[in-house]
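Engineer: Listed below, chain by chain, are the residues.
Number of protein chains: 2
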Amino acid sequence: MNLEISSNLSNEVVQAIRRVVGPGRVELHEPTFNGNEWQYLKECLDSTYVSSVGKFVDQFEAEIANFTGAKYAISVVNGTAALQIALKLAGVKAGDEVLISALTFIATANAVTYCNATPHFVDCEERTLGMDVLKLREYLSSISSQQSGQCINKITGRVIRAVVPMHTFGHPSDIEGLTSIARDFNIVLVEDAAESLGSFYQGQHTGTFGLFGTLSFNGNKTITTGGGGAILTNSRALARHAKHLTTTAKIPHAWQFRHDEVGYNYRMPNINAALGCAQLEQLSTKLASKRELLRRYQAAFIDIEGVSLFLEPKGCQSNYWLQTLVLDKKHSKNLNSILETTNKIGLMTRPVWDPINSLTPYRNSPRMDLSSANLFSKVVINIPSSSGLV
Amino acid sequence: MNLEISSNLSNEVVQAIRRVVGPGRVELHEPTFNGNEWQYLKECLDSTYVSSVGKFVDQFEAEIANFTGAKYAISVVNGTAALQIALKLAGVKAGDEVLISALTFIATANAVTYCNATPHFVDCEERTLGMDVLKLREYLSSISSQQSGQCINKITGRVIRAVVPMHTFGHPSDIEGLTSIARDFNIVLVEDAAESLGSFYQGQHTGTFGLFGTLSFNGNKTITTGGGGAILTNSRALARHAKHLTTTAKIPHAWQFRHDEVGYNYRMPNINAALGCAQLEQLSTKLASKRELLRRYQAAFIDIEGVSLFLEPKGCQSNYWLQTLVLDKKHSKNLNSILETTNKIGLMTRPVWDPINSLTPYRNSPRMDLSSANLFSKVVINIPSSSGLV
Numbered sequence: 001m002n003l004e005i006s007s008n009l010s011n012e013v014v015q016a017i018r019r020v021v022g023p024g025r026v027e028l029h030e031p032t033f034n035g036n037e038w039q040y041l042k043e044c045l046d047s048t049y050v051s052s053v054g055k056f057v058d059q060f061e062a063e064i065a066n067f068t069g070a071k072y073a074i075s076v077v078n079g080t081a082a083l084q085i086a087l088k089l090a091g092v093k094a095g096d097e098v099l100i101s102a103l104t105f106i107a108t109a110n111a112v113t114y115c116n117a118t119p120h121f122v123d124c125e126e127r128t129l130g131m132d133v134l135k136l137r138e139y140l141s142s143i144s145s146q147q148s149g150q151c152i153n154k155i156t157g158r159v160i161r162a163v164v165p166m167h168t169f170g171h172p173s174d175i176e177g178l179t180s181i182a183r184d185f186n187i188v189l190v191e192d193a194a195e196s197l198g199s200f201y202q203g204q205h206t207g208t209f210g211l212f213g214t215l216s217f218n219g220n221k222t223i224t225t226g227g228g229g230a231i232l233t234n235s236r237a238l239a240r241h242a243k244h245l246t247t248t249a250k251i252p253h254a255w256q257f258r259h260d261e262v263g264y265n266y267r268m269p270n271i272n273a274a275l276g277c278a279q280l281e282q283l284s285t286k287l288a289s290k291r292e293l294l295r296r297y298q299a300a301f302i303d304i305e306g307v308s309l310f311l312e313p314k315g316c317q318s319n320y321w322l323q324t325l326v327l328d329k330k331h332s333k334n335l336n337s338i339l340e341t342t343n344k345i346g347l348m349t350r351p352v353w354d355p356i357n358s359l360t361p362y363r364n365s366p367r368m369d370l371s372s373a374n375l376f377s378k379v380v381i382n383i384p385s386s387s388g389l390v
Numbered sequence: 001m002n003l004e005i006s007s008n009l010s011n012e013v014v015q016a017i018r019r020v021v022g023p024g025r026v027e028l029h030e031p032t033f034n035g036n037e038w039q040y041l042k043e044c045l046d047s048t049y050v051s052s053v054g055k056f057v058d059q060f061e062a063e064i065a066n067f068t069g070a071k072y073a074i075s076v077v078n079g080t081a082a083l084q085i086a087l088k089l090a091g092v093k094a095g096d097e098v099l100i101s102a103l104t105f106i107a108t109a110n111a112v113t114y115c116n117a118t119p120h121f122v123d124c125e126e127r128t129l130g131m132d133v134l135k136l137r138e139y140l141s142s143i144s145s146q147q148s149g150q151c152i153n154k155i156t157g158r159v160i161r162a163v164v165p166m167h168t169f170g171h172p173s174d175i176e177g178l179t180s181i182a183r184d185f186n187i188v189l190v191e192d193a194a195e196s197l198g199s200f201y202q203g204q205h206t207g208t209f210g211l212f213g214t215l216s217f218n219g220n221k222t223i224t225t226g227g228g229g230a231i232l233t234n235s236r237a238l239a240r241h242a243k244h245l246t247t248t249a250k251i252p253h254a255w256q257f258r259h260d261e262v263g264y265n266y267r268m269p270n271i272n273a274a275l276g277c278a279q280l281e282q283l284s285t286k287l288a289s290k291r292e293l294l295r296r297y298q299a300a301f302i303d304i305e306g307v308s309l310f311l312e313p314k315g316c317q318s319n320y321w322l323q324t325l326v327l328d329k330k331h332s333k334n335l336n337s338i339l340e341t342t343n344k345i346g347l348m349t350r351p352v353w354d355p356i357n358s359l360t361p362y363r364n365s366p367r368m369d370l371s372s373a374n375l376f377s378k379v380v381i382n383i384p385s386s387s388g389l390v
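Sequence order for the protein chains is Z and F. Our numbering puts the first residue of the first sequence at 1, with every later residue one more than the last. Our numbering puts the first residue of the second sequence at 1, with every later residue one more than the last.
Keep in mind the hints are simulated off the structure, nothing from the lab. Everything numeric in this text was worked out from a predicted model, so none of it was measured. Incorrect hints may have been included.
The list cannot tell twin chains apart, which means a pair is met if one copy fits it or any two copies do.
[As the list claims (entries may be wrong)] Below, in silico cross-link-like pairs of lysine-lysine (DSS-like), each with a Cα-Cα straight-line distance of 27 Å or less:
#1 250 / 42
#2 344 / 55
#3 344 / 250
#4 250 / 333
#5 42 / 55
Just chain Z, with the same shape it has in the complex (with noise of 0.2 Å):
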């Protein structure tokens, strides 16, 4: 019996994602580039610049500024990196802490630990499927105290320097709340935005409000560069030594080469940045077609019990990266079904991350109850989310 409900919802799961993406293999998320790509990447080509100089990297990190509104954006060689770079400018040292959602990709994770600190799971909220900022206020009140200006982890007794929300799927997390967290703890605010570029809280750019945010242009993303990422700040002196610590940390000079510190080979090449620049000539119609696909998918799911589509919190404007489809608990069961069946006829789709701290690497890392993190972790599905589909 159990087993016929699965497969019907199984079913009628398939036969609303076909109704909208039609036969064949349906990809999870792919590029398109119906711009100029083909043009930029032959004049990149021509002008033999093709590596760590030239025009379209100055061109993209300038158009990146410009789209998101943030003052200055340093494009680098991808979204981890960009968030390594982020964290170590905005202090985060060796045996620090920092605050990460326990449901995002491990490379939050992994930019932590590159800092030689320490990733801290926090919970998430089902209106944003990021950090719930209730249950993060209530916890740190509770764990952590204040010594001359820091805050303290009262168990561990490690500074928790920083609180990096992730935008998950491209929609905004609580951040106003997350903002009054961090100026009420004295922690750092860093935005992962790798997913939301396109996406608004009150109007704002995602990865606008803390004193960094990163994107990625991953293949898989909204638009992209191959694999390529950017830092976003508004202080002229941190965005200066962002571009100085992702470009080797050499000293400008027309022969001599110098470096006044640890630096990291992160520029993003401009053959990658030609790409990007054509690709963001087309980011408002490929947001334009993403909120096209959630309309289909909204009259595809109508009438389905069980299942319905995330929609943006109030007050923000997603990107809609990934179309996202949310079973009601009782069909927790189902989760497995409905991926096996979907992938197999061809039709991607992939539920969200396991929660980080069930990971091997990250199994003894500090972090507070994670029940709701948990639960989305049987809950939540994406399906085939191209903007291409429409």
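Dock chain F against the given chain Z, drawing on the hints supplied.
Structural biologist: What follows is chain F alone, placed relative to chain Z:
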């Protein structure tokens, strides 16, 4: 009088270079794209696989392995990342020391630092511009002792875990001597072959003697992928581990996101690999051009006293990545004048790197006597070296 001599030598150098490269601005090293670059980039865009996966990554890795004779090649985002992962997999741990040449690009030292280890600087020899094997052996005999099969620095108490020769400007270091030191002192050999794609030591490709070798495909290298690098190894298990670590350590699964260790987002994007596949097809031609360029420089400089062209060490075939002038010691005072005169008129030249131990972040790192490295930094000049100059 001194000024006059200096000015004369500078002018002679300028005239000799001009005889080879002709008039106008000439870069130190710029790439040329004379093959299938267009076609492969277009194919890559048309496939939509520009990012994490795609056929060009696999093809590039197979062709790099084939060309170098390494059993396995793993393509990554740049040479620094390649070396960081190679060192990590070679067992370099926090608190270890790693022997590197004092004369190398700072990335060699930074890769050691990323492992939370300390670079320990080694002097160079005139014959190769690489590590001085005799001096290193004598030094290690004096400062190290063997404890439980590990090489311990008696002064710092730390383990000397690895030795990382760099094949300067493409000229193979004394690999036989270094292999023997590595064996005798229980130190792992990892080759930084960033500059030496196409360079052979007694018929065997550089980067294939150590447990790992690492390559770079930066825009200034013999062939380029925009930004990129590769890890070479003959061990299947290590190759698999390197691939795993550089692709976020994700356990393969159609929809689950599980990662079993702290990995890195270091894969080479498919679009960069597409460029690399086209470039690799021209590698032999480029190498031949570089040898012809050397021949032309030799003819142009034959009658100029006080300066000579650096030639490949005996038994080696160098890629002549950067053509190199060596001033007679008594002319070292002319270095700056030559650099200024050439760069001012658009003939890009540069000195060898400042010895890394002289740079702020590494001033306090352990080192042996570095008198040769210090001397070379005053007498070595790289001159325009692009294969396109022939």
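Engineer: Please list, smallest to largest, the hint numbers that this structure does not respect.
Structural biologist: Number 1 - this is the single hint that the structure violates.
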